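K.L.:
If you want the building blocks of each chain, they are given just below.
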Amino acid sequence: MSAGGLLAPAPTSGPAAGAAGSSQGGAEQPPPRNGLLVAVLVLALLATVMVSVLRGSYRDGPLEPDAPSPQGSLAAVRVLEDLGTEVTPQRRTADAAETLRAGGTVLVTAPNLLGAAQVDLLRTAREEGGGRLVLLQPDFVTATAFAPGVRPAGTTDEPTLLRAGAGCGPAAFGARSLQLRPVAEVSGHDTYYTVPDGAAGCFDHGDGSAVVVADGVVVLGSASLLTNDRIGTLDAPALALNSLADPQGLGWYIPSAGDPMSSLGPTLLDRIPGWAAPLALWLLVVTALVLLAVSRRHGPVVVEPLPVSVRAHELTIGRGRLMHRAHARDSAARALRSAASTRLAHRLGIRRETRRDALVDALAPHTELDAAQLHRLLGPTPVADDRELVRLAHDLDRLEKEIS
Amino acid sequence: MRISLTVPGALTALAAAPFLLLWPSAWTLLACALAWCALIGTDLLRTADPRTLRVRRENPGQVRLGSSADGRLLVTNPGTRRAVLHLRDAWNPTAGLAAQRTRLTVPGGERRAVAQTFTPTRRGPHSSRAVVVDSLSPWGLARRSARPEVPGTLLALHAFASRKHLPSRVRRLRELEGLAAVHQRGQGTEFDSLRDFVDGDDVRSIDWRATARRRSVVVRTWRPERDRHVLVVVDTSRTSAARIGEEPRLDAALDAALLLTALATEAGDRVDVLCIDRIPHVSVAGSSPRTVLHDVVAATSPVQPALVETDWERVAAEVAARTRRHALVVLLTPVEPSLVEQGLLPVASRLAASHPLVVASVADPSLEALAAGRDDAEAVYRAAAAARTGLERDGAAQALSRCGAHVVDAGPEALPQALADEYLRLKAAGRL
Numbered sequence: 001m002s003a004g005g006l007l008a009p010a011p012t013s014g015p016a017a018g019a020a021g022s023s024q025g026g027a028e029q030p031p032p033r034n035g036l037l038v039a040v041l042v043l044a045l046l047a048t049v050m051v052s053v054l055r056g057s058y059r060d061g062p063l064e065p066d067a068p069s070p071q072g073s074l075a076a077v078r079v080l081e082d083l084g085t086e087v088t089p090q091r092r093t094a095d096a097a098e099t100l101r102a103g104g105t106v107l108v109t110a111p112n113l114l115g116a117a118q119v120d121l122l123r124t125a126r127e128e129g130g131g132r133l134v135l136l137q138p139d140f141v142t143a144t145a146f147a148p149g150v151r152p153a154g155t156t157d158e159p160t161l162l163r164a165g166a167g168c169g170p171a172a173f174g175a176r177s178l179q180l181r182p183v184a185e186v187s188g189h190d191t192y193y194t195v196p197d198g199a200a201g202c203f204d205h206g207d208g209s210a211v212v213v214a215d216g217v218v219v220l221g222s223a224s225l226l227t228n229d230r231i232g233t234l235d236a237p238a239l240a241l242n243s244l245a246d247p248q249g250l251g252w253y254i255p256s257a258g259d260p261m262s263s264l265g266p267t268l269l270d271r272i273p274g275w276a277a278p279l280a281l282w283l284l285v286v287t288a289l290v291l292l293a294v295s296r297r298h299g300p301v302v303v304e305p306l307p308v309s310v311r312a313h314e315l316t317i318g319r320g321r322l323m324h325r326a327h328a329r330d331s332a333a334r335a336l337r338s339a340a341s342t343r344l345a346h347r348l349g350i351r352r353e354t355r356r357d358a359l360v361d362a363l364a365p366h367t368e369l370d371a372a373q374l375h376r377l378l379g380p381t382p383v384a385d386d387r388e389l390v391r392l393a394h395d396l397d398r399l400e401k402e403i404s
Numbered sequence: 001m002r003i004s005l006t007v008p009g010a011l012t013a014l015a016a017a018p019f020l021l022l023w024p025s026a027w028t029l030l031a032c033a034l035a036w037c038a039l040i041g042t043d044l045l046r047t048a049d050p051r052t053l054r055v056r057r058e059n060p061g062q063v064r065l066g067s068s069a070d071g072r073l074l075v076t077n078p079g080t081r082r083a084v085l086h087l088r089d090a091w092n093p094t095a096g097l098a099a100q101r102t103r104l105t106v107p108g109g110e111r112r113a114v115a116q117t118f119t120p121t122r123r124g125p126h127s128s129r130a131v132v133v134d135s136l137s138p139w140g141l142a143r144r145s146a147r148p149e150v151p152g153t154l155l156a157l158h159a160f161a162s163r164k165h166l167p168s169r170v171r172r173l174r175e176l177e178g179l180a181a182v183h184q185r186g187q188g189t190e191f192d193s194l195r196d197f198v199d200g201d202d203v204r205s206i207d208w209r210a211t212a213r214r215r216s217v218v219v220r221t222w223r224p225e226r227d228r229h230v231l232v233v234v235d236t237s238r239t240s241a242a243r244i245g246e247e248p249r250l251d252a253a254l255d256a257a258l259l260l261t262a263l264a265t266e267a268g269d270r271v272d273v274l275c276i277d278r279i280p281h282v283s284v285a286g287s288s289p290r291t292v293l294h295d296v297v298a299a300t301s302p303v304q305p306a307l308v309e310t311d312w313e314r315v316a317a318e319v320a321a322r323t324r325r326h327a328l329v330v331l332l333t334p335v336e337p338s339l340v341e342q343g344l345l346p347v348a349s350r351l352a353a354s355h356p357l358v359v360a361s362v363a364d365p366s367l368e369a370l371a372a373g374r375d376d377a378e379a380v381y382r383a384a385a386a387a388r389t390g391l392e393r394d395g396a397a398q399a400l401s402r403c404g405a406h407v408v409d410a411g412p413e414a415l416p417q418a419l420a421d422e423y424l425r426l427k428a429a430g431r432l
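Sequence order for the protein chains is A and B.
Positions 1 to 404 (UniProt numbering) are the ones given, in order, by the first sequence.
Positions 1 to 432 (UniProt numbering) are the ones given, in order, by the second sequence.
Hints in this document: simulated from the structure, not taken from any laboratory.
On a predicted model such as this, the values are computed, not experimentally measured, just so you know.
A virtual CB, placed ideally from N, CA and C, is assigned to each residue, including glycine.
Heads up, some of the hints might be wrong.
Unchecked claim - Listed next, the stretches of chain B that the computed footprint assigns to chain A, with coverage defined by at least 3 CB atoms under 8 Å from CB atoms of chain A: (1) 194 to 205; (2) 363 to 372.
Said to hold, decoys possible - On the chain A side, residues computed to face chain B include the following (Cβ under 8 Å): (3) Leu37; (4) His298; (5) Thr316; (6) Met323; (7) Ala339; (8) Ala393.
As the list claims (entries may be wrong) - Under 7 Å between C-beta atoms, here's a sample of chain A residues computed to sit facing chain B: (9) Ala47; (10) Ala200; (11) Trp275; (12) Val290; (13) Pro300; (14) Glu304; (15) Arg311; (16) Arg319; (17) Leu336; (18) Leu389.
So here's chain B without its partners, still in its complex pose:
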């Protein structure tokens, strides 16, 4: 516990000035000092001890970025003295606590609550570093402080802005499943049912054995195979730290990963998510369809970009360890020439040989604006640089395509939908 002086307490010492003016001597000085100390001491003796206060917290829990969560601090005063408190709950700034400092009065034997509203501005875990309780003396001349141990945590989840696109994609998924009859048999489809032949059906889908048993011609119908395995690999290396628009590339990538997770779960597929750069950071594996979306949201919310290069061989090893053949592998990494040269290409071709592979990349829409600049020489040089960057990206994307990967390159707003559409296209084509 610490004792400290308040500003009014220090200013009361000015009251000694007339005495010093009347009797200017060292003894008066001493007497004034003693009198002032006595005044402060008397006031302090009547102060409620902040160490005896019981402080408890109702944690705000989890909140999506962009919305608010409520928490409470409950302060109980078990003593008999009235406690005039000045409370500070020291959260980190991006936790968005509306008011860190509160003044409140807790009469003896009573309890008061401090309502807190959190509007976090950064994804990830937030915590309260300390709770400082100052107990003001009755005259307000001094205070006693204590730091009770009241841990506080708040998990700010990814905003998942693309969830508004989920209903339309699910509808298309249902249409796909409903159109199962026109599907050809192929890899990634499974037997659905037998029905009577109608004009227009492919003769190759006639089930001759069943036709022989019955009088009419019977066809087999197929539907997209369910219960496939989807592995989403999110690259968290330095390239994911780049800011596009208002948020880092990683956030857009996670947005796409979440939409794909939600959609694939609706389609009956199993989704695993792996965040990796030099080492695997977070993985969600084997979650039940009910909880997988929440698990992925909660697990990826603390993930931040790291200033390292991705070890693609490591990625290949992790993918091999987590999947069987023909699991859909989605790599969320920017298609950048430097990155592709750093070993993505051979790994991608190896992965594409055994899995359907989708490489989803967050493109930078501001490049197009740069490429259209024609105002002066400076703008034209910039346009040339942007054009060159675009060409290099195209080249890298083509190289990946030649390896057998499906490349989805779109801006941060459009990528989640584009990736979901690519998934639906693969599903409809029976390529899973």
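In isolation and in its complexed conformation, chain A is listed as follows:
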């Protein structure tokens, strides 16, 4: 196939121009794409930060006193404070009990989460101090523990319009009609309670009442009386404000896992905001994708069988080390002597096979050493230690130097 056979109509596709174009094309391509990527990443980061800043730093949750979200209760708290009630958000049973002992009012937003010890503490504190306790949708155990005789009579998950009956008494709290609607974040239904003798109940529905007042304990049957999005409907504000307002102060008690008295189970998860799980899952997926993309190999691993190669003198060095370790001084000396003898014989022009006597005779005129010394030097004289071997090597060197 000739080079021209594949030429495209474009004028730049000659071999030389093609080669130049390839390097330029490769160099100019990546920057814009990287810029776009960086811009997208920065925008995503900015949007995330903006969203979290705009939300503000409040704790979101059902009936949280700081939360402006639909399920929070910031509206009720603000109005109560404007009316002169000091609202204290409380997370611990001990704080709530303190308020009760001081004669104040305590709202328990989730009485069902209280353990037996917490219930006992709150009850005794109320009996000692005479404070008022407002319970929001207590279950059977909690309700009967605080107000004997009050127990859930029925539930509904439908929006309900209730009117104050004739015998409401103090339980109406100045309200005439209520539009109740279950709050999904709290329980998902509204509860009605039985009214024992000596207690007042109002806003009847079926066998029970939505609001029961029994001996300083107020039981509210619906969370929609306090949440931001429902508190404005009909007479709910009147009921909420009248039942909670207290010049002695109001403790807004939200049972929490951080309470030392709490017996709640794996509650660390409760602290994690709602968006964390989906986001974590997504980040996990993204991390996996990035790892997958990074770990991709560009083509096969090329293995190449390389020829073996060993340094040629390894064997000799090994043999030297072996002789050293075995203290084979005599054999080392023999090798040194015969190598030196061979070289000397070669220099003197003697056949290398000749006996040592002949070599010594030939050497004698050329050196200061006498025949006996030469015999000792070149003959099989035993070598006592390593130092003597080194000296022997030096002596042989000196002899060779004299002859040369």
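Model the placement of chain B on the given structure of chain A, informed by the hints.
P.N.:
Showing chain B alone in chain A's frame:
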């Protein structure tokens, strides 16, 4: 074809984070996943198909070790889409390809070339194992890959560093041939011409018959016989794997074989080369004088040492099969006592009986440095070991000499010249 995700493509999924923060639910998760898949899919649909690309190669061919060769990859994009390519040409590492990976853009209907420079670091054949072409999507979020079949080969030839000694040896060869008149008649010489007797000529070379025909005394002149047969046997067994200096013994042996080949070809002799250990590996036989050097270089470049012992009887059989009497046989094998004991000696004496035999051995110069060590006991023991090795080598060399072989033992740098000189000496002595 495979589809894969790029890192930017994976990172775009982070853009879903604000949505998940605003509306944390499984549906948002699903919607984000679908939107991301749609984004990647859209990008992929607009990617040029790498399978339609035509990739062709201009092979680098052959190159001497130490120099560079150029090759090219030609990528043609017959489609209409612009192809942003990430190309990998997977050569083996010692082929010395400067850049295995290239980015290039090939507009639709055009062709681009990728220039490649090879500087091999190992003698022998090299090849490209695969060519991988990644086609990047327009937004760079994903890529499609293909592996076109583009075989690539490169033969890295022996460096033949000793070729710088060739001119001086050829000059000496010419001098030898010019001095033909003083040569005595003998084995390995042939009749050259008749000329007048001058003082100093050997009376034995007077051609009496020609003298009778003419008035003056005429002598015959002789010259080294041409068209002799030289067989170079290179031993590739385990002993040739040993590294001396920076390269294995085999490379030095091949260097010597190449110089001898070049010189003998200049002298008009026929050269055959045989690489052998347990089995004959490579042989160059009957090449014409013009091509023999190149044939030997090309044939020996893939030869590597094998970790086996040489079968000397096999060598003798191969030599007998390839030569007639009085062909010069050059054995390139280290003179080592163990090797000599393993059957080289009887084979050498048999070969030397019928052929002029040269045994050329790559000696290890580091032994001399070891033998001179006197610093401490350790060094002296090493020196003793080196001295003993040297004595054993001398003994083996003498044993071979007694068999009738000419032993050339020199370091890797000096061996080619030493072998060439030995050849010239034999030639001058009319021993071929």
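K.L.:
Holds or violated: is the Cβ of A:Arg311 closer than 7 Å to a Cβ in chain B?
P.N.:
Interface hint status for A:Arg311: holds (5 Å vs cutoff 7 Å).
K.L.:
Quick check on A:Pro300 please, does its C-beta sit within 7 Å of some C-beta on chain B?
P.N.:
Check passed: Cβ of A:Pro300 comes within 5 Å of chain B, closer than 7 Å.
K.L.:
Holds or violated: A:Glu304 as interface residue toward chain B, Cβ cutoff 7 Å?
P.N.:
Holds, because the Cβ-Cβ distance from A:Glu304 to chain B comes to roughly 4 Å (cut-off 7 Å).
K.L.:
Using the nearest Cβ pair, does A:His298 come within less than 8 Å of chain B?
P.N.:
Nearest chain B Cβ about 5 Å off; hint holds.
K.L.:
Under 7 Å is the threshold here; is the Cβ of A:Trp275 close enough to any Cβ of chain B for the hint to stand?
P.N.:
holds (3 Å)
K.L.:
The hint names A:Arg319 as touching chain B; please verify it with the least Cβ-Cβ distance against 7 Å.
P.N.:
holds (4 Å)
K.L.:
Do three or more residues from the stretch 194 to 205 of chain B put their C-beta atoms closer than 8 Å to C-beta atoms of chain A?
P.N.:
With 0 residues in contact (Cβ-Cβ under 8 Å with chain A), the coverage given for the stretch 194 to 205 of chain B is violated.
K.L.:
Should the interface hint for A:Leu37 be scored as holding, given a Cβ-Cβ cut-off of 8 Å against chain B?
P.N.:
Result: holds, 5 Å to nearest chain B Cβ.
K.L.:
Are A:Ala47 and chain B close enough, Cβ to Cβ, to be under 7 Å, as the hint says?
P.N.:
A:Ala47 check passes; min Cβ-Cβ to chain B is 4 Å, inside 7 Å.
K.L.:
Do three or more residues from the stretch 363 to 372 of chain B put their C-beta atoms closer than 8 Å to C-beta atoms of chain A?
P.N.:
holds (count 5)
K.L.:
When the nearest CB of chain B is found for A:Met323, is that gap smaller than 8 Å?
P.N.:
holds (5 Å)
K.L.:
With chain B as the partner, please determine if A:Leu389 meets the hint condition of a C-beta pair closer than 7 Å.
P.N.:
Holds: closest Cβ of chain B sits about 6 Å from A:Leu389, inside 7 Å.
Hints 1, 10, counting from the list given before, are not met by this structure.
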